[in-house]
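Chain by chain, the residues:
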Amino acid sequence: MAVTSEVQVEAQFEAFAEKKPVTSVVLDLMRRKPLGAAGAIIVIVMILTAAFADVVAPYDPVANSFANMNQAPGWLHWLGTDQFGRDMLARIIYGARTALFVGFTSALVGGTIGLVLGVGSAYFGGRIDLFFQRVMDIFMAFPLIIMALAVVSIFGTGAQNVIIAITIPFIPRCARVVRSSALAIREVPYIDAARANGFSHSRIILRHMVPNVMAPFLIMITAFVGQAILLEASLSYLGLGVQEPTPAWGLMLQGGAEEYALSAPWMAIFPGLAITLAVFGFNLFGDAVRDVLDPRMRSQ
Amino acid sequence: MYQYILKRILLMIPTLLGAAILVFFLMRLIPGDICELRLAGSGATFNQSSLDICRREVGIDQPVIVQFGQFLRGLVTFDFGKSMWTGRPIVEEIGLRFELSLMIAILATITATVIAIPLGTVSAIKQDTWIDYAVRAFTIAGIAMPSFWLGILIILGILFTTQWWTGIPWMPPIEYRSDWTSWDNIANNLALLIWPALATGYRYSAVAARMTRSAMLEVLREDYIRTARAKGLVERLIIRRHSLKNAMLPVVTVIGIEFAFLMGGLVVTEQVFNLNGLGKLFVESVTNHDYAMTQALVMVVVSVFVFTNFIVDVFYAWLDPRIRYR
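Protein chains in written order, with this note's numbering: chain A, 1 to 300; chain B, 301 to 626.
Bear in mind the hints are in silico, worked out from the structure with no lab data behind them. Remember, it's a predicted structure, so these values are computed and weren't measured experimentally. All residues carry an ideal CB built from backbone N, CA and C; glycine is no exception. Heads up, a few of these hints could be off.
DEER-style ranges, computed between Cβ atoms [claimed, not checked]: (1) A:S263 to B:R540: 50 to 56 Å; (2) A:E259 to B:A491: 21 to 27 Å; (3) A:F124 to B:I321: 19 to 25 Å.
Covered, in the sense of this in silico footprint (three residues per stretch, anywhere, with C-beta under 8 Å from a C-beta of chain A), are these stretches of chain B [claimed, not checked]: (4) 310 to 318; (5) 456 to 466.
When you get a sec, could you build the whole thing from the sequences and use the hints?
Now the structure itself:
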């Protein structure tokens, strides 16, 4: 199964590699995958606003201003202000930084460790594989948020520790998916050939197997980023994630969203919208990536 | 079949044992212990001797390996001991909250299934029409929306409606009545618990609806559906008897697995609605360094997960004989 999809994926890449102007390739993708393109646009806009937050944001996100507490959305403050008079729009823009930083770092680190473990487990097989599978089962049996809670209470709160907390549960999930693709690749003759040539285990794993499981790996990574953003927001909402005064979307919902529900509903609405839109964008983009990279799913 | 079930049961043991080891040592890694917290919280000045007395009292003065042995013995005999924080039996503390969490989980599952299966089916039958697009937008939004934000929005909605209706914004405190014998109690429970159930259930229904849709699309392309159409069978029967029945397999799996994760996901929802359930107890016991309680809770959640997976696997094997012989 994986062998045939391999060929198809390569054909796909070759089609992309043909000498076509970039604009026409982009236009072609937009026509064939409108939802994916919409997701990509959301993701790109989010990355740009996060990168240029200093330029885009109208106010300082952490500057309290007691003259402007609980202002309704208007010309001066487009999305209103919170109970400390901080501008909501500025906080949401800077919050994108936190969300993306946590999302990308934990998805990349967790995915990469999972990739190495999954391929290694499939390559060595036998008892090692069995042992790894059982260990992964154990980690998978812990619901994400409970695992994250335990990690946060060991290492403490703050952005770095939230990343650790989100990374750890990702590892077994990625390892399991990668392993199942790697199992099929191990049976392919070129692995035997590499072994017959006397290549080291690490060389075979890194140079011959890892590049061939890139498709499921990339699919998992794009899915993880959205999930990581959601998890970070949940942990921050529980008070176990990013701490004040760092602007983070989950934290904005915790600080006052419920107390001021009636007098200042914008405090409860806009940060949640930001989270939803971000995860929505990454999910749409991820679905498109999966469709392109995994031909078996494409027909659906 | 019996052989398969036996094999699956035996496979559960290493997972549960591993989870026990993991949670036990994870808890010991958390800096500080319950006695420091308790004595510091009481405000009194404390010295080494009072710390020692307290540690002896809750049993964390013994070597780690002895504690681990006690924990394992407790697991096997279902006697988890007493909460280190409140001093009450853990089984009692968990039992009190387990029912509430379980009720929300069940309500969420029912809501999710009732929404997901018709939506997914309609979306598959009317593929690439505006109905399909609407359902897909609904499901993608459901996966993207954090459940705690949906909870906040629900509370906001209730507050605004009551303000508009009666002039006074009012959110009834959600109290669960464990006595299900009178109609009054049942109505009370359903009317109040439906909100947290909806907040957790939306994502759940979105996942299940997506699965239903893709499974239905696959089945609708099968040869036997064409045969059924060719012999002139009514479309309603084709959908209900020939397609849905065959498409249900992956949907049941997703519903089962999501149910297992629901117990954990409730942590956030309970915080939003201020419910005294398992999730809240978990957050409290972790922050209080209540080792005994946290270990017991994690084991309960993990057991629910492992057991649900077991049921799903057995159900799968029962429906699809090929799996049994692999």
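We went through each hint and held it up to the structure:
| no. | hint | in the structure |
| --- | --- | --- |
| 1 | A:S263 to B:R540: 50 to 56 Å | holds (51 Å) |
| 2 | A:E259 to B:A491: 21 to 27 Å | holds (25 Å) |
| 3 | A:F124 to B:I321: 19 to 25 Å | holds (23 Å) |
| 4 | 310 to 318 | holds (count 3) |
| 5 | 456 to 466 | holds (count 4) |
The structure meets every hint from the earlier list without exception.
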